[in-house]
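Novice: Go by the hints and put chain Z onto chain U.
In the order they appear, the protein sequences are chains U and Z. Numbering follows my numbering, in which position 10 of the first sequence is assigned residue number 10; successive positions increment by one, without gaps. Numbering follows my numbering, in which position 14 of the second sequence is assigned residue number 14; successive positions increment by one, without gaps.
The hints are simulated quantities; they were obtained by calculation from the structure and are not laboratory data. Each hint should be verified, as a subset may be incorrect.
No copy labels: a pair is met if it fits in one copy or bridges any two.
Below 27 Å or equal to it, Euclidean Cα-Cα: the simulated DSS-like pairs (lysine-lysine) are [said to hold, decoys possible]: (1) Lys84 with Lys7; (2) Lys87 with Lys7; (3) Lys84 with Lys50; (4) Lys7 with Lys173; (5) Lys173 with Lys43.
Note that this is a predicted model, so its numbers are computed, not measured.
2 protein chains.
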Amino acid sequence: MTQPSQKALVPFVSVANMMALVNATGIEPMLRDLAGYIEADFKRWPEFDKTPRVASHSSDGVIELMPTADADNYGFKYVNGHPKNMKEGYQTVTAFGVLSSVANGYPILLTEMTVLTALRTAATSALVGKYLAPKGARVMAMIGNGAQCEFQAMAFKAICGIDTVRLYDVDSKATEKAVRNLTDSGLTVIACKSGEDAIEGAQIITTCTADKQYATILTDNMIGTGVHINAIGGDCPGKTELHRDILLRSDIFVEYPPQTRIEGEIQQLDPDHPVTELWQVMRGEAQGRSDPRQITLFDSVGFAIEDFSALRFVHNRIQNTAFFDQLDMLADPDDPRDLFGMVRRAA
Amino acid sequence: MTQPSQKALVPFVSVANMMALVNATGIEPMLRDLAGYIEADFKRWPEFDKTPRVASHSSDGVIELMPTADADNYGFKYVNGHPKNMKEGYQTVTAFGVLSSVANGYPILLTEMTVLTALRTAATSALVGKYLAPKGARVMAMIGNGAQCEFQAMAFKAICGIDTVRLYDVDSKATEKAVRNLTDSGLTVIACKSGEDAIEGAQIITTCTADKQYATILTDNMIGTGVHINAIGGDCPGKTELHRDILLRSDIFVEYPPQTRIEGEIQQLDPDHPVTELWQVMRGEAQGRSDPRQITLFDSVGFAIEDFSALRFVHNRIQNTAFFDQLDMLADPDDPRDLFGMVRRAA
Numbered sequence: 001m002t003q004p005s006q007k008a009l010v011p012f013v014s015v016a017n018m019m020a021l022v023n024a025t026g027i028e029p030m031l032r033d034l035a036g037y038i039e040a041d042f043k044r045w046p047e048f049d050k051t052p053r054v055a056s057h058s059s060d061g062v063i064e065l066m067p068t069a070d071a072d073n074y075g076f077k078y079v080n081g082h083p084k085n086m087k088e089g090y091q092t093v094t095a096f097g098v099l100s101s102v103a104n105g106y107p108i109l110l111t112e113m114t115v116l117t118a119l120r121t122a123a124t125s126a127l128v129g130k131y132l133a134p135k136g137a138r139v140m141a142m143i144g145n146g147a148q149c150e151f152q153a154m155a156f157k158a159i160c161g162i163d164t165v166r167l168y169d170v171d172s173k174a175t176e177k178a179v180r181n182l183t184d185s186g187l188t189v190i191a192c193k194s195g196e197d198a199i200e201g202a203q204i205i206t207t208c209t210a211d212k213q214y215a216t217i218l219t220d221n222m223i224g225t226g227v228h229i230n231a232i233g234g235d236c237p238g239k240t241e242l243h244r245d246i247l248l249r250s251d252i253f254v255e256y257p258p259q260t261r262i263e264g265e266i267q268q269l270d271p272d273h274p275v276t277e278l279w280q281v282m283r284g285e286a287q288g289r290s291d292p293r294q295i296t297l298f299d300s301v302g303f304a305i306e307d308f309s310a311l312r313f314v315h316n317r318i319q320n321t322a323f324f325d326q327l328d329m330l331a332d333p334d335d336p337r338d339l340f341g342m343v344r345r346a347a
Numbered sequence: 001m002t003q004p005s006q007k008a009l010v011p012f013v014s015v016a017n018m019m020a021l022v023n024a025t026g027i028e029p030m031l032r033d034l035a036g037y038i039e040a041d042f043k044r045w046p047e048f049d050k051t052p053r054v055a056s057h058s059s060d061g062v063i064e065l066m067p068t069a070d071a072d073n074y075g076f077k078y079v080n081g082h083p084k085n086m087k088e089g090y091q092t093v094t095a096f097g098v099l100s101s102v103a104n105g106y107p108i109l110l111t112e113m114t115v116l117t118a119l120r121t122a123a124t125s126a127l128v129g130k131y132l133a134p135k136g137a138r139v140m141a142m143i144g145n146g147a148q149c150e151f152q153a154m155a156f157k158a159i160c161g162i163d164t165v166r167l168y169d170v171d172s173k174a175t176e177k178a179v180r181n182l183t184d185s186g187l188t189v190i191a192c193k194s195g196e197d198a199i200e201g202a203q204i205i206t207t208c209t210a211d212k213q214y215a216t217i218l219t220d221n222m223i224g225t226g227v228h229i230n231a232i233g234g235d236c237p238g239k240t241e242l243h244r245d246i247l248l249r250s251d252i253f254v255e256y257p258p259q260t261r262i263e264g265e266i267q268q269l270d271p272d273h274p275v276t277e278l279w280q281v282m283r284g285e286a287q288g289r290s291d292p293r294q295i296t297l298f299d300s301v302g303f304a305i306e307d308f309s310a311l312r313f314v315h316n317r318i319q320n321t322a323f324f325d326q327l328d329m330l331a332d333p334d335d336p337r338d339l340f341g342m343v344r345r346a347a
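Chain U extracted, bound-state conformation (with noise of 0.2 Å):
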């Protein structure tokens, strides 16, 4: 049989070779360099072609497809929640994703995204801060040492400038491996007792827990005045972590509010209780942080544009490099007509 055409052929980056990609990047500058692709798709946000995510619930959890287009190309991620997978020995989330060409309709980049959201969903929540946190914020409160503990630890040390993380989650074992992984990143790093402990002189609160259910991380008497709170883990129908008496006390930024109104912490408020888009912000033109007495919260979910600007770094960061495969996924016969043809004769 003869060997594909290149048209036929589609790069396709494996978990391996992403995970060359970054220790060859440096966590740190991909962090960055995400950020800037994130950045910049946010300034140009009225260009997308956006929809709230597709998704199909289950008793178990949630599976998911987040596509968004610009006028050149068209990307889209594949993305589960399963807070019951970690018992078993699965990640909560995995994903994949595919960048394509607007014009053709063709796939020009297949890559595995577990890894790549965690990146991408650190230097999101990084890059909001920057614009929102109060100024010379130093201490992160980390509330919730799973997966995605580390990432934003990194990211917000290597975008905002934090030195010290104050970690807490309800099983020790998850404190243990993220302070074990921090050791040797230039962090002050805090194993605390409760979420309590934790939050004590932080100016950044990340919450990032997994459970499918209203729960309540934060209650209001915890949270004092100037601080940023980033909300990572409320972010499917039913499973918020805030209490609802500090999202009244809060100006609420979101990335996508029909989205964010079904899955974020704000399916607790009124449906037109008052949000600020962060693309707006991001573009000066809507206040992001006004007082240093104010609280401001990132009611994050995951918009995605950010799965485009990162399928989109990843696209342009693998060109010229050994970081991927060329994968036989799309047919393509001599004679664009003639796919029977095609099968026939390769028999």
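Specialist: Frame of chain U, contents of chain Z only:
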């Protein structure tokens, strides 16, 4: 670096392996098997999580995601439709798809679906023909002799027992290609000079053209009584093949009304024009053909459940075969919370 674990691997069916699988199975047996899977899934239609496909339109074409799920599996297809591609040496339609476990969200199959979509579309058409075509139909007109043409002819032979196809295309080279490919098919193949010529004596009329515009491949005066029209090409907003008057004389059968109202021939009709859902016909809960003189119309746009059936078929078919490769697509750290540590240790 250590090898990825079993959990990290997703079976991948390349174009080369799909073609090998088709040829090892035989085209007609494979079309019959696929039709069997599709029929079984139509008969349990209410069990599926259904949504109209998510389309991203551009001036040149469309890129779509088509997800659906039952209690055990989630499936989706990525598919584009770019009519101008053919002139530039690309496929009008390319596709790939994924089948996953609902229980943990992990993909269990990634497969090319350009070839597979051609097969499942043809199998669906012929399956519907089995329910709706006039008894004893032996002659099919095939208007539009592009990539889908021969698959349709073989499916109607394998599943409905036709013995003759009458081919017509505005481009005679397309017809010549189809004649060539069907030489040893067991069908009597007749190249025709016009659409009118092609439908002469045909009890089944298949239209499968690709222009993204309101076209009139069939006009009202061409269509007598006692035929089944299998309208494949009209499958996105602004793209139809039949004159509206034909629709008004036909009993119209559809896959999933919310999608067909947007994309099918019936976009030309009032939104409450009566249509019959095929799954109800297959379950014996709605009338199919009731009169030999009736005009039945399958307003086919392609629905996610057909792709789900095809994914299910391929997933079952490749077990204990060599028709797939293992792809390192999912991150699988020893401790599922230790994604960061896995990346660092890969350095």
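Novice: Hint compliance check: list the failing hint numbers for this structure, sorted ascending.
Specialist: Violated hint (a single one): 5; every other hint is consistent with the structure.
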